[in-house]
Amino acid sequence: MSLDAATVRRIAKLARIRVDDAEVETLQGELNAILGYVEQLGEVNVDGIEPLSGGAQMALRSRPDVLTDGGFAEKILANAPDRVGEFFAVPKVVE
Amino acid sequence: MSIFELTIAGAAKALAAGSVSAVELVTAYNGAVAELNPRLNAYITVTPELALEQAKAADARIAAGDATPLTGIPLAIKDLFCTEGVRTTAASKILEPFIPQYESTVSGKLKAAGAVMLGKANLDEFAMGSSNATSGYGPVENPWKRAGSDARLVPGGSSGGSAAAVAARMALGATGTDTGGSIRQPAAFTGLAGIKPTYGRCSRYGIIAFASSLDQAGPMARNVEDCALLLNAMAGFDTKDSTSADRVVPDFAAAVERGVKGLRIGIPAEYRMDGTNPEIVALWEKGIEWLKDAGAEIVDISLPHTKYGLAVYYIVAPAEASSNLARYDGVRFGARVDGVDLIDMYERTRAAGFGAEVKRRIMIGTYVLSHGYYDAYYLKAQKVRNLILRDFTDVFAKVDAILTPTAPSAAFGLGEKMDDPVTMYLNDVFTVPASLAGVPAMSVPAGLSAEGLPLGLQVIGRHFDEETVFAVSAAIEKAAGFTPLPELRAK
Chain S
1 MSLDAATVRR
11 IAKLARIRVD
21 DAEVETLQGE
31 LNAILGYVEQ
41 LGEVNVDGIE
51 PLSGGAQMAL
61 RSRPDVLTDG
71 GFAEKILANA
81 PDRVGEFFAV
91 PKVVE
Chain L
1 MSIFELTIAG
11 AAKALAAGSV
21 SAVELVTAYN
31 GAVAELNPRL
41 NAYITVTPEL
51 ALEQAKAADA
61 RIAAGDATPL
71 TGIPLAIKDL
81 FCTEGVRTTA
91 ASKILEPFIP
101 QYESTVSGKL
111 KAAGAVMLGK
121 ANLDEFAMGS
131 SNATSGYGPV
141 ENPWKRAGSD
151 ARLVPGGSSG
161 GSAAAVAARM
171 ALGATGTDTG
181 GSIRQPAAFT
191 GLAGIKPTYG
201 RCSRYGIIAF
211 ASSLDQAGPM
221 ARNVEDCALL
231 LNAMAGFDTK
241 DSTSADRVVP
251 DFAAAVERGV
261 KGLRIGIPAE
271 YRMDGTNPEI
281 VALWEKGIEW
291 LKDAGAEIVD
301 ISLPHTKYGL
311 AVYYIVAPAE
321 ASSNLARYDG
331 VRFGARVDGV
341 DLIDMYERTR
351 AAGFGAEVKR
361 RIMIGTYVLS
371 HGYYDAYYLK
381 AQKVRNLILR
391 DFTDVFAKVD
401 AILTPTAPSA
411 AFGLGEKMDD
421 PVTMYLNDVF
431 TVPASLAGVP
441 AMSVPAGLSA
451 EGLPLGLQVI
461 GRHFDEETVF
471 AVSAAIEKAA
481 GFTPLPELRA
491 K
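As they're listed, the protein sequences go chains S and L. Heads up, the first sequence is in my numbering, so the first residue is 1 and it goes up one at a time. Heads up, the second sequence is in my numbering, so the first residue is 1 and it goes up one at a time.
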């Protein structure tokens with residue numbers, strides 16, 4: 001399985017990373033090297049094996065679905081690149 | 001004796017006896033940072049005034065008889081831990097303007113114990129790397145040199161700044177994080193001890209996420225005992241991390257003295273890989289002899305899926321990273337690059353803010369999670385991950401700990417192994433399996449290479465049995481009697 005340039009562009013689009021034409025070529029080579037390396041998993045028989053999603057030797061805890069925190073809008077907005085009042089500001093989305 | 005000769009345990013005794021004050025100790029370390037950091041680049045941000053303030057508070061606490069073993073001890077905090085009011089970058093340009101409004105649980109626990117923060121240690125960008133070469137704030141130089149050579153070497157990664165800082169005596173200890181070897185490999189490259197505890201032992205709250213099912217904080221220090229003292233303060237249950245383990249934290253420092261008499265130590269055949277450096281194999285053989293001499297029983301074991309660890313890791317970790325790093329979009333925090341519309345803003349912000357290795361991993365992760373490829377890559381990797389866990393579970397029915405080398409080589413030169421990403425990834429071949437299984441693992445300095453560079457051995461234990469890991473590591477430390485120091489250090 002080898003990625004072509006169009007697939008590299010599509011992945012970049014999905015990942016929301018702008019890439020120029022020169023970068024596509026470099027990325028194509030590097031991503032194919034990594035995918036080539038992981039191909040070896042194909043030889044492992046995993047019939048009847050459950051997927052393991054995490055390293056925790058425990059079941060996840062549940063808690064009551066109630067508010068336990070809040071009331072610090074200023075702290076949350078303190079690092080905003082742009083803000084208007086108590087809101088994050090972004091470029092216009094709707095015409 | 002120079003103040004820099006004191007270990008954490010030694011400094012704690014001197015502080016308690018009043019033969020040195022926290023202000024004296026921290027002033028000396030602030031001076032070491034000012035002198036050596038321009039050369040080694042171990043810190044991204046230094047906080048000497050804050051450190052001095054904390055030292056004064058520590059002296060007051062010691063005088064009041066309210067000290068812990070870490071009160072007044074100057075530490076480097078990896079710049080992946082959010083520190084309230086102190087810039088935290090994850091070594092990424094995308095977080096250059098980020099000042100956390102809250103403290104990570106682990107750095108907060110160290111603060112509460114009275115430890116002093118000298119600054120924020122450099123790392124590979126978002127902890128993705130094995131050489132510290134991917135930092136957006138320049139590479140870190142290893143204070144160690146090959147005998148008769150002045151070539152600059154890497155300190156390993158991702159916790160390379162933490163490692164260089166402690167090795168050059170610009171800190172008494174440091175926090176690191178380990179996702180696939182990021183504490184253990186740099187510890188081995190710089191002649192330090194470092195432990196990745198069991199997954200869930202230290203809270204991940206406030207640690208900038210890379211791969212959440214693997215990330216785990218741990219200490220790096222000059223010796224095993226100092227690591228135990230640091231981990232005593234760092235570990236513990238936290239409701240703010242859903243995978244934090246609700247378990248009692250034992251006294252790790254007490255376990256250091258236990259010895260290994262009667263313990264069964266497993267030697268996995270699969271870590272004897274083709275082409276492994278003969279020096280590394282010879283050191284491993286020595287380690288086996290040391291443990292035998294100390295009264296342990298050596299058992300040959302098999303971890304049959306070891307060779308697939310790296311391939312699993314380089315699917316699982318990028319997949320989780322691509323999801324975790326989706327938050328850096330220029331909207332709520334971090335750097336922003338304006339665009340013609342919202343999508344253009346996201347794409348320009350992320351293109352400018354992320355370095356090449358981070359982009360590669362996000363793209364691999366995006367691909368293996370994408371429609372049509374999820375089962376072939378991600379699901380398959382998760383199943384093989386389960387087989388790797390089973391390997392360890394089976395073996396730990398027969399042995400108490402496992403001994404392996406930490407890394408396949410000693411520290412390499414800045415700029416080496418950069419030809420293709422897979423060459424760099426091979427550094428993690430011995431450390432990744434324990435990360436995937438979530439078991440604790442420690443690197444302990446055990447000898448020098450023919451070129452005069454430190455080499456480490458790795459001790460792997462059962463889930464939540466860091467105590468045995470400390471006991472075995474301390475036995476190796478004692479037998480190895482590793483005393484060499486890098487020439488480039490505070491004296």
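It cannot be assumed that every hint is accurate.
As the list claims (entries may be wrong) - The calculated SDA-like cross-link candidates involving lysine to any residue, where the alpha carbons are at most 25 Å apart (straight line), are:
1. Lys383(L) with Ser2(S)
2. Lys93(L) with Ala22(S)
3. Lys109(L) with Met58(S)
4. Lys307(L) with Glu30(S)
5. Lys383(L) with Val66(S)
6. Lys13(L) with Asn223(L)
7. Lys13(S) with Lys93(L)
8. Lys75(S) with Glu49(L)
9. Lys92(S) with Gly339(L)
10. Lys383(L) with Leu31(S)
11. Lys93(L) with Gly42(S)
12. Lys75(S) with Lys109(L)
13. Lys93(L) with Thr26(S)
14. Lys307(L) with Glu43(S)
15. Lys13(S) with Leu369(L)
16. Lys240(L) with Leu60(S)
17. Lys307(L) with Ile49(S)
18. Lys75(S) with Asn223(L)
Because the hints were derived from the structure by calculation, they are not lab data. A quick note: this is a predicted structure, and the numbers were derived from the prediction, not measured.
Checklist entry - Is Lys13(S) within 25 Å of Lys93(L), Cα to Cα? => result Answer holds: Lys13(S) to Lys93(L) is near 21 Å, not above 25 Å.
Item to check | Hinted pair Lys307(L) and Glu30(S), Cα distance within 25 Å | outcome: Cα-Cα ~21 Å, so holds.
Checklist entry - Between Lys383(L) and Ser2(S), does the CA-CA distance stay at or below 25 Å? => result Holds, at about 23 Å.
Checklist entry - Does Lys92(S) pair with Gly339(L) here, judged by a C-alpha cut-off of 25 Å? => result holds (11 Å)
Checklist entry - Taken at face value, is the distance from the CA of Asn223(L) to the CA of Lys13(L) at most 25 Å? => result holds (16 Å)
Item to check | Lys307(L) paired with Glu43(S) [C-alpha distance capped at 25 Å] | outcome: Satisfied, since the Cα-Cα distance of roughly 12 Å is no more than 25 Å.
Item to check | Restraint status (C-alpha distance of Lys383(L) to Leu31(S) at most 25 Å) | outcome: holds (22 Å)
Next on the checklist: Hinted pair, alpha-carbon criterion (25 Å max): Lys75(S), Glu49(L). Please report holds or violated.
Outcome noted: holds (24 Å)
Next on the checklist: Does Thr26(S) sit within 25 Å of Lys93(L), going by the straight-line distance between their CA atoms?
Outcome noted: Status holds; Cα separation ~22 Å.
Checklist entry - Given the hinted pair Lys109(L) and Met58(S), is their alpha-carbon gap at most 25 Å? => result Within the cut-off at roughly 24 Å; holds.
Next on the checklist: Run the distance test for Lys93(L) versus Ala22(S): straight-line Cα separation, threshold 25 Å.
Outcome noted: Roughly 22 Å between the alpha carbons, so the hint for Lys93(L) and Ala22(S) holds.
Item to check | Pair hint Lys93(L) and Gly42(S), alpha-carbon separation not exceeding 25 Å | outcome: violated (37 Å)
Hints 5, 11 and 18 from the list above are not met by this structure, while the remaining hints are.
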